[in-house]
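These protein sequence lines map, in sequence, to chains A and B.
With the numbering used here applied, the first sequence has no gaps in its numbers, which climb one by one up to 237 at the end.
With the numbering used here applied, the second sequence has no gaps in its numbers, which climb one by one up to 415 at the end.
No lab work stands behind these hints, which were simulated from the structure alone.
Cβ coordinates follow ideal geometry from the N, Cα and C atoms, glycine included.
Careful, some of the hints might be misleading.
Said to hold, decoys possible - Rough simulated footprint, nothing fancy, chain B against chain A, three-plus residues with beta-carbon under 8 angstroms:
no., stretch
1, 48-62
2, 69-80
3, 104-111
Each chain, written out:
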Amino acid sequence: MEDIITLDKVNKTYPGAVPLHVLHDINLRIGRGELVSIMGASGSGKSTLLNILGILDSYDSGSYVLDGLPIRDLSENRAADLRNRLIGFVFQSFNLIGYKSAMENVALPLYYQGIGRKRRNALAMEQLERLGLADRSHHLPGELSGGQKQRVAIARALVTNPSIILADEPTGALDSHTSREVMEIFRELNAEGMTVIIVTHDPGVGAATNRIIHIADGRIVDADGSPAATENPDTDV
Amino acid sequence: MRIPLIDHEIWRETITTLAHNKTRTFLTAFGIFWGTAILALLWGGAQGFEGIMRREFAGLAANIGGVSSWRTTMAYRGFPKGMAWELTIADIDNIRRLAPDIESSSTINWASVDVSHADHSKRSQIIGVEEAYPRLNTVIINSGRFINASDIAATRKVAVIGRNLANELFGGEEAVGQQVQLAGISFMVVGVASQMGEASIGARVDESVIMPSSTMRQAFNQGNTVHFFIFAARPGTTPTDSRDAIMRAIRLNHPIHPLDDDAAFFQDFSEFFSIIDKVFLGISLLALFVGGCSLLAGVIGVGNIMWIVVRERTHEFGVRRAIGAKPWQITAQVLCESILLTTVAGAAGVCFAALILAVIDQATADPLQGLAGFELPFGVAVSIIGVFILLGSLAGTLPAVKALRIKPVEAMRAK
Chain A
1 MEDIITLDKV
11 NKTYPGAVPL
21 HVLHDINLRI
31 GRGELVSIMG
41 ASGSGKSTLL
51 NILGILDSYD
61 SGSYVLDGLP
71 IRDLSENRAA
81 DLRNRLIGFV
91 FQSFNLIGYK
101 SAMENVALPL
111 YYQGIGRKRR
121 NALAMEQLER
131 LGLADRSHHL
141 PGELSGGQKQ
151 RVAIARALVT
161 NPSIILADEP
171 TGALDSHTSR
181 EVMEIFRELN
191 AEGMTVIIVT
201 HDPGVGAATN
211 RIIHIADGRI
221 VDADGSPAAT
231 ENPDTDV
Chain B
1 MRIPLIDHEI
11 WRETITTLAH
21 NKTRTFLTAF
31 GIFWGTAILA
41 LLWGGAQGFE
51 GIMRREFAGL
61 AANIGGVSSW
71 RTTMAYRGFP
81 KGMAWELTIA
91 DIDNIRRLAP
101 DIESSSTINW
111 ASVDVSHADH
121 SKRSQIIGVE
131 EAYPRLNTVI
141 INSGRFINAS
151 DIAATRKVAV
161 IGRNLANELF
171 GGEEAVGQQV
181 QLAGISFMVV
191 GVASQMGEAS
201 IGARVDESVI
211 MPSSTMRQAF
221 NQGNTVHFFI
231 FAARPGTTPT
241 DSRDAIMRAI
251 RLNHPIHPLD
261 DDAAFFQDFS
271 EFFSIIDKVF
281 LGISLLALFV
291 GGCSLLAGVI
301 GVGNIMWIVV
311 RERTHEFGVR
321 RAIGAKPWQI
331 TAQVLCESIL
341 LTTVAGAAGV
351 CFAALILAVI
361 DQATADPLQG
371 LAGFELPFGV
381 AVSIIGVFIL
391 LGSLAGTLPA
401 VKALRIKPVE
411 AMRAK
């Protein structure tokens with residue numbers, strides 16, 4: 001299977017009085033169309049890894065190739081452009097803009113692509129319909145339930161037709177029933193061919209994915225906590 | 001690449017954002033509205049105040065001086081100091097002959113007598129003048145004519161009476177052509193007059209009777225005495241420049257010490273006008289200073305609100321950047337919001353001030369001289385808005401640029 005994400009010996013250190021080496025020689029391959037979870041305790045480095053995967057943060061050494069594009073030393077504008085086109089973000093706290101309606105929130109990434117209002121609203125409506133929220137399109141986030149908000153956020157992540165969906169604790173703010181619904185949506189998206197990467201510390205969420213990547217102390221490890229046996233984990237279909 | 005300012009999508013986004021954040025929009029807009037309104041009011045108010053003050057002195061020629069007799073302050077040729085003397089017709093003739101820089105002049109005599117017509121009587125000031133008097137202190141002729149040279153030469157018993165006095169004596173009737181009794185002597189009314197400003201020499205024209213100086217001296221037993229001599233100095237000279245010549249002319253007929261300049265009471269009204277000019281300059285500078293301070297306070301206020309707004313929106317900016325907003329797009333958006341807000345609120349403030357100024361202008365209008373000039377020149381109004389747009393946008397954009405230095409992830413954590 002074709003790799004959509006290739007990390008090669010990626011290191012990240014946060015400078016400071018005591019420099020914090022958060023990622024050690026991370027090697028990671030994720031194939032196109034995978035549904036993967038990255039699991040680890042807080043402080044394990046999983047958030048940093050997510051930020052690097054999401055082009056929200058830089059790394060010090062190694063290499064990162066996303067959908068064939070080397071991600072290295074990007075300008076702010078180029079990084080913003082790649083985030084917009086390649087990555088759909090889903091956050092724990094939804095991160096919807098409170099004064100914009102569901103449809104406007106979903107359409108916002110298209111605004112930054114320079115797409116006209118009529119077309120982006122039509123595309124946004126398409127995604128809201130896909131997620132069963134057509135009747136909520138003119139509601140403000142404050143008028144929606146947690147599950148509905150997260151579905152709006154997923155619609156926003158999908159609207160640019162990205163290469164990957166990056167979800168950061170997408171069920172962290174939801175009850176167990178709604179969590180299952182959201183995970184079901186991710187599974188459906190994956191079934192339609194979307195690559196989905198979920199960062200979580202919730203084993204239930206991890207279990208709902210097809211592959212779990214464990215991370216501890218900045219290193220990728222096996223499920224039992226021992227260093228990963230191979231640099232190229234199974235990418236079975 | 002989108003070009004801000006002409007991209008209607010950015011403006012639509014801007015209007016949506018402003019419309020959805022009503023409290024914040026209102027607070028910022030009110031700060032700008034108030035700042036521009038105060039600045040515009042100060043400017044227009046200073047103009048109008050100056051207009052009102054100038055109106056008080058309207059009609060009075062700016063380059064005039066006056067002389068009247070006083071007491072000697074030095075002993076001379078056996079006469080003790082403190083001797084009283086009187087200005088006479090002969091002195092005036094000498095002055096007119098010897099002082100080259102006097103352009104026009106008039107003698108003035110005063111008396112206070114009962115003025116009556118039919119059953120009406122009123123004690124009034126009488127002013128005896130020469131035909132040049134209106135050139136020194138503008139007299140508005142409401143009907144009839146003013147005193148002329150042949151009235152003076154022929155010592156005619158004619159009078160110009162003040163508008164208010166005419167109303168009291170004649171009611172609604174036309175006064176011109178009628179007779180009035182001044183201390184029992186009949187005079188023919190040839191004109192009704194009023195004065196222009198508030199400042200007057202001797203008495204208000206509206207309440208007085210004006211007659212030929214020659215007639216006055218004769219009818220009221222004033223002999224050759226002249227109470228006051230008023231003159232306009234030739235352009236390029238001041239009344240004070242003529243003082244020495246005037247004193248020399250007076251000394252020809254009076255035993256006044258050559259160094260005793262204080263024996264005559266000499267007034268230079270042009271000095272007074274130059275003081276008034278300085279006062280207005282002071283008022284303008286004060287208005288400018290206070291206006292500048294209010295401008296500064298306004299901009300700091302706007303900047304303060306913008307600062308809070310940007311802090312509040314750090315999270316929003318983080319989200320927008322995570323989903324693909326480039327830093328300049330965020331900056332452009334904040335800039336557009338600032339410009340739109342400042343333009344609308346600033347224009348409203350200036351319009352509000354213009355409205356208030358117009359009301360004040362109408363309320364203080366003078367029936368004769370019209371409006372005082374409480375108004376805001378268009379250029380000034382535009383400049384005030386322009387300065388606010390510039391400073392307001394700067395005040396809004398600087399914190400935004402600073403907020404953009406924070407990485408999107410950290411910005412999203414700020415809540």
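- [ ] May I ask which of the numbered hints given earlier this structure violates, with the numbers listed in increasing order?
- [x] none
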